[in-house]
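S.K.: Order-wise, the sequence lines are chains A and B. Just so we're aligned, residue 4 is where the first sequence starts under the working numbering, counting upward by one. Just so we're aligned, residue 36 is where the second sequence starts under the working numbering, counting upward by one.
If you're looking for bench data, these hints aren't it; they were derived computationally from the structure. Just so we're clear, the structure is a prediction, and the values are computed from it rather than from any experiment. Incorrect hints may appear among the rest.
As the list claims (entries may be wrong) - Partner residues are not named here, just some residues of chain A that face chain B (Cβ under 10 Å, in silico):
#	residue
1	V85
2	P92
3	M93
4	M120
5	P126
We put the beta carbon where it would ideally sit given N, CA and C, even for glycine.
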Amino acid sequence: MRLLPLLACAALLTAPAAGLCQTAVPDAAAAAPIPAPAPAAGDASLALVFPALKSHDGVLMVALFDSQAAWAGGKPVRVAFVQAASAEPMVQIHDLAAGTYAARVFQDLDGDQRLSMNPFGLPVEPYGFSGGAKANMGPPAFAAAAFTVTPGDNAQAIALR
Amino acid sequence: MDRRTFLRAAGLTGAAALLTPETVFAAGAADWTLGFRDVEADIAPTGLTRLRGKAPADLAGALVRNGPARFRRPGGSVGHWFDGDGLVRRFSIQDGEATLAARFVDTPKRRADTAAHAVITPGFGTAPGPGAAVGGPDDANAANTSVMMAGGELWALWEPGSPCVLDPVTLETKGFKTLRPDLKAMPFLAHPRREPTGRTWNLGLAGHRAIVWRLAADGSLEDAQLIALPRASYIHDFTATERHLVIVLQPWIQERGGVPYIAGMAWKPELGTQVLVLDKADLTQRRVFDLPPFFFFHLGDAWEDKDGTIRFDACIDDDPRGTAAAGEQLLRGVPFKGVAPPKLGFVTLHADGKADLQRFETVAEFPRSDDRFAGLGRRFSVHAAIGEVGKPAFHGLAVRDWKTGRETAFDFGRRHLVEEMVFVPRPGSAEEFEGWLVGTSLNLDAQATELHAFDARRVADGPLVTWRANTALPLGFHGIFTA
Numbered sequence: 004m005r006l007l008p009l010l011a012c013a014a015l016l017t018a019p020a021a022g023l024c025q026t027a028v029p030d031a032a033a034a035a036p037i038p039a040p041a042p043a044a045g046d047a048s049l050a051l052v053f054p055a056l057k058s059h060d061g062v063l064m065v066a067l068f069d070s071q072a073a074w075a076g077g078k079p080v081r082v083a084f085v086q087a088a089s090a091e092p093m094v095q096i097h098d099l100a101a102g103t104y105a106a107r108v109f110q111d112l113d114g115d116q117r118l119s120m121n122p123f124g125l126p127v128e129p130y131g132f133s134g135g136a137k138a139n140m141g142p143p144a145f146a147a148a149a150f151t152v153t154p155g156d157n158a159q160a161i162a163l164r
Numbered sequence: 036m037d038r039r040t041f042l043r044a045a046g047l048t049g050a051a052a053l054l055t056p057e058t059v060f061a062a063g064a065a066d067w068t069l070g071f072r073d074v075e076a077d078i079a080p081t082g083l084t085r086l087r088g089k090a091p092a093d094l095a096g097a098l099v100r101n102g103p104a105r106f107r108r109p110g111g112s113v114g115h116w117f118d119g120d121g122l123v124r125r126f127s128i129q130d131g132e133a134t135l136a137a138r139f140v141d142t143p144k145r146r147a148d149t150a151a152h153a154v155i156t157p158g159f160g161t162a163p164g165p166g167a168a169v170g171g172p173d174d175a176n177a178a179n180t181s182v183m184m185a186g187g188e189l190w191a192l193w194e195p196g197s198p199c200v201l202d203p204v205t206l207e208t209k210g211f212k213t214l215r216p217d218l219k220a221m222p223f224l225a226h227p228r229r230e231p232t233g234r235t236w237n238l239g240l241a242g243h244r245a246i247v248w249r250l251a252a253d254g255s256l257e258d259a260q261l262i263a264l265p266r267a268s269y270i271h272d273f274t275a276t277e278r279h280l281v282i283v284l285q286p287w288i289q290e291r292g293g294v295p296y297i298a299g300m301a302w303k304p305e306l307g308t309q310v311l312v313l314d315k316a317d318l319t320q321r322r323v324f325d326l327p328p329f330f331f332f333h334l335g336d337a338w339e340d341k342d343g344t345i346r347f348d349a350c351i352d353d354d355p356r357g358t359a360a361a362g363e364q365l366l367r368g369v370p371f372k373g374v375a376p377p378k379l380g381f382v383t384l385h386a387d388g389k390a391d392l393q394r395f396e397t398v399a400e401f402p403r404s405d406d407r408f409a410g411l412g413r414r415f416s417v418h419a420a421i422g423e424v425g426k427p428a429f430h431g432l433a434v435r436d437w438k439t440g441r442e443t444a445f446d447f448g449r450r451h452l453v454e455e456m457v458f459v460p461r462p463g464s465a466e467e468f469e470g471w472l473v474g475t476s477l478n479l480d481a482q483a484t485e486l487h488a489f490d491a492r493r494v495a496d497g498p499l500v501t502w503r504a505n506t507a508l509p510l511g512f513h514g515i516f517t518a
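Generate the whole structure from the sequences, applying the supplied hints.
M.R.: What follows is the structure, encoded as structure tokens:
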């Protein structure tokens, strides 16, 4: 059985660099940085935790999306990252508008700020999606990973595999 | 005749839970259906009964075999024989006695299908079921085709995914093998080619692309290179000489990806069969030979004459109409209509670029030889033998002497389904085929698996010793004999 291309790696995750938001196809040469989109202002905050990490190496890189179009187009409304070395790494996102979001994360073990792939296009670094959504012959849809953010504090756990 | 008597006579007691007499009558399930039964649970080490003969004094070690052993679940079953969960079977021979232990490989596929009470994981011939979550090939890895020793580790081999590491004695699953971090989840065929020094070559296929693996004797990765193939053939096995890799490209071509795998395959005999020969020392040095079209699963070890002629045996079908394309009906005991079993073939690749295929009338599958002569000039091949049109199993074994052209065979009769025989060298021997052939058969009358050892040079005499287990294992694929 040949499961290629199993995951559209270009659509799986963007690669934030130096605090700027950048939509990047993993094999493309680095373009001029695109200014970060204006954060959706609001009175909600979101904490993301990553239980049961198999490794505490590298950096957890998170992208948050507010629509299926954004999810599929690799255009997050927010990106964040945290060193995986802490005992319970957490990402805090502030001033979010209440609404429906989905998040995806990967663990950058080799420092290239991309979800690394094997030669046949399969991820070789841990990754995960919010809502317990799983990849199945490709990344899950936005709806499968979606969760609601209400005014005030919100929290979501994402398990990486 | 009561239900139980009928089912026993039809060789179906193992499958009784899921087949009613009505469906059996209606389907007319064949007597060999026992070979495709489900095993429900691991088998703790259990002594076998020695039926006849005596084990040779210096035959000691373990025959470790792999094969699918769980096909049917309440909510849905596999769509092909090749998609059953791998059950690794360990027949230990010590001091003239034999013991059997068997353990399912603990894979994500088995866990997902168990939790769903249905086969939801897609595969070679199985479509995904509701709730399938295949993030990569190892989520679908059935770990069911063969085994190999790599250093001190036992690896269960599959084909489109990683080897799975098991404890060599307890058979406990340790997890999938990653040979290098950037090569995680790359495919690894179930038929690596080991040189007598222990260096091991293997391929991993993805359409027109392949990875060539080179492992040291201790199982560590020495090199991995990507190569392009002239066509996206289904490749289950390849062969090698001391200096060359030999990749046979049959005209069963993957035209589109996705699952089940066979849904994307097309038989194109007009393309013929190509053989790609690569220089092991420089994989960019390649030659392509042309042969008439044929379908195959298995090849024998190849060797090269001084003048550069490359030779190897193969087990050849006319087309994929049998097990490959129709491996679901075997599970229901439905024979292949008008499909002959594979037969022995012999390929010669001449230094001038010409190639020949000889085809013999001998029914043959599961070819093996003396591993100490892998890639070197050799005389003998052993294979499963004696079959019938439409039947997916064999009733005997045969040894072919390529030097003389002579064959010797032993026929167990129609009530035995005979599996792959492995050559075991006699300790201290140096000559080719000085030793034993060790392998199993499924006794349809006794409803039990039997273990046999033959003198490799005298198969016509029948087994030197036969033991019988207290259970019927479904037919498996490939194995090894380890010390």
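S.K.: Does M120(A) meet its interface restraint, that is, does its C-beta lie within less than 10 Å of any C-beta in chain B?
M.R.: Nearest chain B Cβ about 9 Å off; hint holds.
S.K.: Can we keep the V85(A) interface hint, with Cβ of chain B closer than 10 Å?
M.R.: 22 Å, violated
S.K.: Can you verify the interface hint for P92(A): is its Cβ closer than 10 Å to any Cβ in chain B?
M.R.: Because about 21 Å separates P92(A) from the closest Cβ in chain B, which is outside the 10 Å limit, the hint is violated.
S.K.: Given a cut of 10 Å on the nearest C-beta pair, is the interface hint for M93(A) held or broken against chain B?
M.R.: At about 25 Å, which exceeds the 10 Å cut-off, the nearest Cβ of chain B leaves the hint on M93(A) violated.
S.K.: Tell me if the interface restraint on P126(A) is satisfied: Cβ within less than 10 Å of some Cβ in chain B.
M.R.: 7 Å, holds
Of the numbered hints stated above, those contradicted by the structure are hints 1, 2 and 3, listed in ascending order.
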